[in-house]
Amino acid sequence: MSNTFLFPVVSPLGPEIFLAAVACCLVIFDSLFKEQRNIFPVISITGATVTTLMVASSKGLGFSGMYNVDGFSVFFKIICLLALIFTVLMSHNHLKVLGVKREGEYYSLMLFACIGMMVMASALDLIVLYLGLELMALSVYCLVGIQKKDKRASEAAIKYFLLGAFASCLFLFGLSYIYGATGTTSLPVVTSFLTGEGIKSNPAFLLGLGLVLIAFSFKVAAAPFHMWTPDAYEGAMTPVTGFMSVAPKAAGFAALSRLLFEAFPALHGNWVLPFEIMIFLTMAIGNITAISQVSIKRMLAYSSIAHAGYALLGLLPGTAQGVSATMNYLFIYLFMNMGAFAVIVLLQQKGLAGERLEDYKGLAKSHPVAAGLMLVFMFSLTGIPPTAGFIGKFNLFVAALNAGYTGMVIWAVIFSAISAYFYLRVVMLMYMHEPQKEVAIVRSGALSAVLVMTLAGVLIIGIYPNDLLHLAGMIFGK
Amino acid sequence: MEYGFPILSSLIFLPIIGAIGILFIPRKEELEVKRFALLVAVLEFFLSLPLWFGFDKATHLMQFVEKREWISSWNVQYYLGIDGISVLFILLSTLITILCILVSWTAITDKIKEFFAALLFLEGVMIGVFCALDFFLFYIFWEAMLIPMYLIIGVWGGPGRLYATIKFFLYTLIGSLLMLVGIIMLYLKGGHTFDILKLASNNYDFKFQMILFWTFFAAFAVKVPMWPVHTWLPDAHTEAPAAGSVILAGILIKMGAYGFLRFSMPICPQATQAMMVPMLVLSVIAIIYGAVICLGQDDMKRLIAYSSVSHMGFVTLGIFALNYQGLEGAILQMINHGVVTGALFLSVGIIYEQTHTREISDYGGLATVTPIFAGFFLVFTLASIGFPSLNGFVGEFLILLGGFAAKTWAGFLGATGIIIGAGYMLWLYQRVFFMKVNEKVAGVRDINLREIITLLPMLILIFWIGIFPNNFLSYMHVSVTHLLDQVNQNSGLVQTGPQAFLETAIRLIGG
Numbered sequence: 039m040s041n042t043f044l045f046p047v048v049s050p051l052g053p054e055i056f057l058a059a060v061a062c063c064l065v066i067f068d069s070l071f072k073e074q075r076n077i078f079p080v081i082s083i084t085g086a087t088v089t090t091l092m093v094a095s096s097k098g099l100g101f102s103g104m105y106n107v108d109g110f111s112v113f114f115k116i117i118c119l120l121a122l123i124f125t126v127l128m129s130h131n132h133l134k135v136l137g138v139k140r141e142g143e144y145y146s147l148m149l150f151a152c153i154g155m156m157v158m159a160s161a162l163d164l165i166v167l168y169l170g171l172e173l174m175a176l177s178v179y180c181l182v183g184i185q186k187k188d189k190r191a192s193e194a195a196i197k198y199f200l201l202g203a204f205a206s207c208l209f210l211f212g213l214s215y216i217y218g219a220t221g222t223t224s225l226p227v228v229t230s231f232l233t234g235e236g237i238k239s240n241p242a243f244l245l246g247l248g249l250v251l252i253a254f255s256f257k258v259a260a261a262p263f264h265m266w267t268p269d270a271y272e273g274a275m276t277p278v279t280g281f282m283s284v285a286p287k288a289a290g291f292a293a294l295s296r297l298l299f300e301a302f303p304a305l306h307g308n309w310v311l312p313f314e315i316m317i318f319l320t321m322a323i324g325n326i327t328a329i330s331q332v333s334i335k336r337m338l339a340y341s342s343i344a345h346a347g348y349a350l351l352g353l354l355p356g357t358a359q360g361v362s363a364t365m366n367y368l369f370i371y372l373f374m375n376m377g378a379f380a381v382i383v384l385l386q387q388k389g390l391a392g393e394r395l396e397d398y399k400g401l402a403k404s405h406p407v408a409a410g411l412m413l414v415f416m417f418s419l420t421g422i423p424p425t426a427g428f429i430g431k432f433n434l435f436v437a438a439l440n441a442g443y444t445g446m447v448i449w450a451v452i453f454s455a456i457s458a459y460f461y462l463r464v465v466m467l468m469y470m471h472e473p474q475k476e477v478a479i480v481r482s483g484a485l486s487a488v489l490v491m492t493l494a495g496v497l498i499i500g501i502y503p504n505d506l507l508h509l510a511g512m513i514f515g516k
Numbered sequence: 009m010e011y012g013f014p015i016l017s018s019l020i021f022l023p024i025i026g027a028i029g030i031l032f033i034p035r036k037e038e039l040e041v042k043r044f045a046l047l048v049a050v051l052e053f054f055l056s057l058p059l060w061f062g063f064d065k066a067t068h069l070m071q072f073v074e075k076r077e078w079i080s081s082w083n084v085q086y087y088l089g090i091d092g093i094s095v096l097f098i099l100l101s102t103l104i105t106i107l108c109i110l111v112s113w114t115a116i117t118d119k120i121k122e123f124f125a126a127l128l129f130l131e132g133v134m135i136g137v138f139c140a141l142d143f144f145l146f147y148i149f150w151e152a153m154l155i156p157m158y159l160i161i162g163v164w165g166g167p168g169r170l171y172a173t174i175k176f177f178l179y180t181l182i183g184s185l186l187m188l189v190g191i192i193m194l195y196l197k198g199g200h201t202f203d204i205l206k207l208a209s210n211n212y213d214f215k216f217q218m219i220l221f222w223t224f225f226a227a228f229a230v231k232v233p234m235w236p237v238h239t240w241l242p243d244a245h246t247e248a249p250a251a252g253s254v255i256l257a258g259i260l261i262k263m264g265a266y267g268f269l270r271f272s273m274p275i276c277p278q279a280t281q282a283m284m285v286p287m288l289v290l291s292v293i294a295i296i297y298g299a300v301i302c303l304g305q306d307d308m309k310r311l312i313a314y315s316s317v318s319h320m321g322f323v324t325l326g327i328f329a330l331n332y333q334g335l336e337g338a339i340l341q342m343i344n345h346g347v348v349t350g351a352l353f354l355s356v357g358i359i360y361e362q363t364h365t366r367e368i369s370d371y372g373g374l375a376t377v378t379p380i381f382a383g384f385f386l387v388f389t390l391a392s393i394g395f396p397s398l399n400g401f402v403g404e405f406l407i408l409l410g411g412f413a414a415k416t417w418a419g420f421l422g423a424t425g426i427i428i429g430a431g432y433m434l435w436l437y438q439r440v441f442f443m444k445v446n447e448k449v450a451g452v453r454d455i456n457l458r459e460i461i462t463l464l465p466m467l468i469l470i471f472w473i474g475i476f477p478n479n480f481l482s483y484m485h486v487s488v489t490h491l492l493d494q495v496n497q498n499s500g501l502v503q504t505g506p507q508a509f510l511e512t513a514i515r516l517i518g519g
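Each protein sequence line maps, in turn, to chains H and L. Each residue of the first sequence is one higher than the one before, counting from 39 in this note's numbering. Each residue of the second sequence is one higher than the one before, counting from 9 in this note's numbering.
Just so you know, these hints were derived from the structure itself, not from any lab. The structure presented is a predicted model; accordingly, all values stated were derived computationally and were not measured. Glycine included, each C-beta is placed from N, C-alpha and C at the ideal position. A couple of the hints might just be wrong.
As the list claims (entries may be wrong) - Subject to a maximum C-alpha distance of 20 Å in a straight line, what follows is the list of computed SDA-like cross-link-like pairs (lysine to any residue): (1) H:Lys134 / H:Phe71; (2) H:Lys475 / L:Lys119; (3) H:Lys403 / L:Lys119; (4) H:Lys403 / L:Lys175; (5) L:Lys36 / H:Gly137; (6) H:Lys139 / H:Val65; (7) L:Lys197 / H:Ile165; (8) L:Lys36 / H:Gly410; (9) L:Lys175 / L:Met218; (10) L:Lys75 / H:Phe199; (11) L:Lys197 / H:Gly410; (12) L:Lys197 / L:Met218; (13) L:Lys36 / H:His405; (14) H:Lys189 / H:Leu245; (15) L:Lys197 / H:Thr444; (16) H:Lys139 / H:Ser69.
To be verified - Stretches of chain H that chain L covers, calculated by requiring three or more beta carbons in the stretch to come under 8 Å of a beta carbon on chain L: (17) 66-79; (18) 209-216.
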């Protein structure tokens, strides 16, 4: 060991550092420019866009191999950044409608959360992974509770925080076992230990691995660790809910894929059965419970649990094909779910208005365009062609069937059919009922931009998915 | 065979583009919306005529083929083509859509734009189903069809429409998704291709064929619908608006039977043969069960819906007789059923628009009030029960020939269905058109010119197919022979002289 201090290679972290700088600027500007509130979303969007461009061209190992910017992590980072951009576009007007002050704080938290996710996607060291996880989680807790005076928001934030903190503890606890068994936190080194039989059957190591996986199951809201989701989703502001349903989930999946597929493929036999049970439960609870919801946000919360189940299906086989199917699915889910939330934001007023399912009655008559958009997103979430949702599911089913998980695919298919019931109920309310009361729409250019982009995403990927499939396939050198 | 002009693509996308175009017409211009929709449908019909005239009847190969790379990562192609099995359905679709637009002219008063857009979109997608030669492409069309149909029943349907439409959607979706699992398994096993012709040329082991057969069965049997998964049909038919019922009866439920012909039989020939008897049993049950249930109906549309179950039982009987007569009869009967049942639903829709009741007991003596309408309805009724010289007779006759040749009991039991069929249809006619004039229908006007134009093409087709069936059967001969060759390739069951047998049959009928 040399005693000289080598400055670590930081260049792969360029985008993260830049985004952090932007986030810090937002905090400072918050107290400097109290009156010009319009600058915050502009700065956030610009920052996020520049970061996206930087991410797209970044590559390499940083911090002595603790940080890996590869095609895989870039893909997930782009999902998170796009989610960030969509959310910021949705938020500006909505914050005004709800009368939320402290915009600089709001946007900077969102940026910090995104940095956490990017760190998670690239982490090659369990401690770095934990740093990313906490940066993301703490920011999102605050975002959920940003409406301090709102009882539901505070309740949601507390619940989310307690369960999230619990999950973090499990992660650290598991980490300690892994460290104890191997003496390192570096994933490649841990992986290299797995060539010997000794570690593979070491119960302490397996326990550690199990705890770490459970912690991420919390983050992606897989049953039976999904309990926090409905309350947190319902209590948070709608744009934040949209953000939570896509970005932290993608980051969780990034970490899970990295662990299962890259770090512990040798242990496939150990985790595959618990995973099958978990996927089954996730799809069952998500889809069946969604049927009985009266709030559209709660319904979409359960739907997001169900979609986590489908996405996990791709990780089950432990093949490159499966992981790329999951990545594709999350990318597609970004568009369709963000689109659905954007329509909710469009209709939402202060209080509960626009959040109950019955507010959607007769929407096709009063606001045909909004109803038409919702229709497309609902069919896409159900997985009906020619929308992107079908392509995503198809891809997952091919990967799972190719690896021989026929039973799981049949369950997924049955639960998809069940899910049609509650997605189509929204369509039914919009098109097949008479309007009951006047529903006002809050139009804004930014929101329209989100709707146009998500609609385009859903339809283009649905009709011509070749480029996306090619991209995700290329990451694994197919 | 390649064809210079991409005619099939045009047929698929003209109505879809038309549907999008309609959405841009201002909401207030109701008449313009209808005229535009009609214009698109008529153009579409003329565009489909080259298929009738340009079709080469001497080959079983796919014609008017279009083939392009689409999703290269999965080896999915944009691959279209038609043969003798599919060509007539496309023509029927383009014709029926025009009639649907005409019958909806004044019946649809709410969300007019959306209705006609959904109808045109549906047309394009339906034609896609019949043209697709890539399994993935086929599935896209097959599923995309659900969206407009779900809306047509649910938005513009009768009082029980919400229940009916979700039932329709869920039944069909579950079946289709199971088929999707089968498609993917086939894709993985059949050399990572979705090309139907290539997939059909492979030999799969018997167990795999059986798995495929049942996954396909899940989708197609629901669509046909075969007993016991038929229960969505009476609800959907009854609650759908007239145009919806006509499309359902005329085209949509034919797709199930078409699926058996296009996919199940060529891809899993041995499984098809092994499953022949169970399928025949299900068909016979559907024939008799559907007919008996008809006797107890007091709602006109429901009665016709159950008669569809019975008639589609004939179709599956013909298909799974697995011989030449049965197959040709089945295909022709699919067309016939589309024409006759479509015409019956059009008629009920026309009269419902005035009376707003479907209860048979609310009618009576219509023959004196609306004589022209009664005349039309009589022909449709007779065609439905298989009166000689009308189209229903030819199809049912061929199917029963095939049925007797395959299994005597199947032919015999199937024939009883015709007898019951005559019973319920004539009884319906009697209750609605004869007897004392019910005061509820006393003031009903006779049908007007638009309505006559709506019904006339069906009337012409009924006589045309009835008297000159060979004009239609000649499209299928070669393709059906080829299909039978495919089914029999590995089984040792060789059919002898189908052509001779058929010629006799045709002469008997007088074609």
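Tested hints:
Only pairs whose Cα atoms come within 20 Å are accepted, and Lys134 (chain H) paired with Phe71 (chain H) is accepted, the gap being roughly 17 Å. Proximity of Lys475 (chain H) to Lys119 (chain L) is assessed by CA-CA distance (about 19 Å); at most 20 Å being required, the pair is judged to hold. Of the pairs offered as hints, the one joining Lys403 (chain H) and Lys119 (chain L) holds, with about 8 Å between alpha carbons and a cut-off of 20 Å not exceeded. About 24 Å separates the Cα atoms of Lys403 (chain H) and Lys175 (chain L), which puts this hinted pair outside 20 Å; it is violated.
Distance check on the hinted pair: Lys36 (chain L) and Gly137 (chain H) sit about 38 Å apart at the alpha-carbon level, beyond 20 Å; violated. Note on Lys139 (chain H) and Val65 (chain H): the hinted pairing holds, with a Cα-Cα distance of about 13 Å set against a maximum of 20 Å. Between the alpha carbons of Lys197 (chain L) and Ile165 (chain H) the distance comes to roughly 44 Å, so the proposed pair goes past 20 Å and is violated. Note on Lys36 (chain L) and Gly410 (chain H): the hinted pairing holds, with a Cα-Cα distance of about 19 Å set against a maximum of 20 Å.
Pair hint Lys175 (chain L) plus Met218 (chain L) does not hold up; C-alpha atoms about 28 Å apart against a cutoff of 20 Å. Straight-line distance between C-alpha atoms of Lys75 (chain L) and Phe199 (chain H) comes to about 56 Å, which puts the hinted pair past the 20 Å bound. For the hint linking Lys197 (chain L) to Gly410 (chain H), the alpha-carbon distance of about 39 Å lies beyond 20 Å, and the restraint is violated. As the CA atoms of Lys197 (chain L) and Met218 (chain L) are separated by approximately 14 Å, the hinted pair is consistent with the 20 Å bound.
For a cut-off of 20 Å, the pair hint linking Lys36 (chain L) to His405 (chain H) stands: about 15 Å separates their Cα positions. Restraint check: the Cα-Cα separation between Lys189 (chain H) and Leu245 (chain H) comes to about 39 Å, which exceeds 20 Å; the hinted pair is violated. Taking the CA atoms of Lys197 (chain L) and Thr444 (chain H), the gap is near 14 Å; set against the 20 Å cutoff, the hint holds. For the suggested pair Lys139 (chain H) and Ser69 (chain H), the alpha carbons sit about 12 Å apart, so the restraint of at most 20 Å is met.
Residue count for the region 66-79 of chain H with a Cβ under 8 Å from a Cβ of chain L: 0. That is fewer than the three needed, and the coverage hint is violated. Check on the region 209-216 of chain H: 0 of its residues sit with their Cβ under 8 Å from a Cβ of chain L, so the three-residue criterion for coverage is violated.
In this structure, the earlier hints numbered 4, 5, 7, 9, 10, 11, 14, 17 and 18 are contradicted, and the remaining ones agree with it.
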